[in-house]
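Numbers 254 to 542, taken from my numbering, label the letters of the sequence shown in order.
No wet-lab data here; the hints were simulated from the structure. Just so it is clear, CB atoms sit at the ideal spot from N, CA and C, and this is done for glycine as well. Don't take every hint at face value.
[What the hints assert, rightly or not] Derived DSS-like pairs: lysine-lysine, alpha-carbon spacing no greater than 27 Å straight-line:
| no. | residue 1 | residue 2 |
| --- | --- | --- |
| 1 | 476 | 496 |
| 2 | 470 | 491 |
| 3 | 464 | 476 |
[What the hints assert, rightly or not] Just the calculated beta-carbon pair ranges, DEER-fashion:
| no. | residue 1 | residue 2 | range |
| --- | --- | --- | --- |
| 4 | 522 | 474 | 23 to 29 Å |
| 5 | 309 | 453 | 47 to 53 Å |
| 6 | 313 | 281 | 43 to 49 Å |
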Amino acid sequence: MRNQSRRNKASKATVSQQAQSLQQDQASLYSALLDAHTEAAHTSTLLFESQHLATSCLEQLESSRLAAEGSSLLLSEVSLQRDSLLLERDVARSLAEARASELDELSEALESSRQHTSALSKTTEYLYAANDWYAHALDASWSDRAVVLAEASGVVSDARLSLECARALEDDASVTTSQALAAVEEHQLEAKRAREDAASAQREVEQASRKLDPAQKEARALKANISRAPQGLERAVKKAEDKVRKQLASAKIIKKGVYTSEARAMARSLVHQGCAQEKSARQFATLGL
254 MRNQSRRNKA SKATVSQQAQ SLQQDQASLY SALLDAHTEA AHTSTLLFES QHLATSCLEQ
314 LESSRLAAEG SSLLLSEVSL QRDSLLLERD VARSLAEARA SELDELSEAL ESSRQHTSAL
374 SKTTEYLYAA NDWYAHALDA SWSDRAVVLA EASGVVSDAR LSLECARALE DDASVTTSQA
434 LAAVEEHQLE AKRAREDAAS AQREVEQASR KLDPAQKEAR ALKANISRAP QGLERAVKKA
494 EDKVRKQLAS AKIIKKGVYT SEARAMARSL VHQGCAQEKS ARQFATLGL
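Could you build all of it, start to finish, from the sequences and the hints given here?
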């Protein structure tokens, strides 16, 4: 009887210990389930953050692309303005050269008119001298007075006609000279305006070039950012995927059994160090954790 009661007490103690162990296992299992739920929630949060990061990177990439397109359009517009200003400068220069050529031609015409006027003046002086000579001859020779008078009258008439022609030519030369001088002044003013327009066009070209340099630098920087953006996005997504994959692997290992906090920390450390899920599970089974 005593042995039976002892055995009963021992069995009761064993059952009590097993019940306590079962309760501890249940508590550990509940704690592991809570940890697994926590890890799953954390993993979902990480996935959401990774998606948000990827979306943000895509938006930045799109904004960089749009900014690069705007800079390219601005660059094209500035280039067109510069080409237009260069064309205007070339046209103004050609106009100034044409005006200078016309001015040279007018100067040559003026010089020719002056030479013609000088020749007419010499002819007039010669006619006056001939008239004086005929008058002197008329006084000296009364016998030939009628003949000399007739010849002198003809010569005087010719001289008067020549003088009138010379005066008319001189007047025409004066008018031509005045017109030529006015044309020269006008061409000089036009040449001055053309030079001023060319200088203004040159200043505008320089200003456009100064505006073009920052736009080119900004376009190059944006192109560099755009070229680096896909690599940065790929690295960020890969990093987030690796982190989520490691945490999912840790959660899967922990779900296979009830482990202590030290075992769970070791599982996470093994997974984060690059151990595969199956290898980590085998090591845990070997250790008896």
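Next on the checklist: Name the hints, by number, that the structure is in violation of.
Outcome noted: 1, 2, 4
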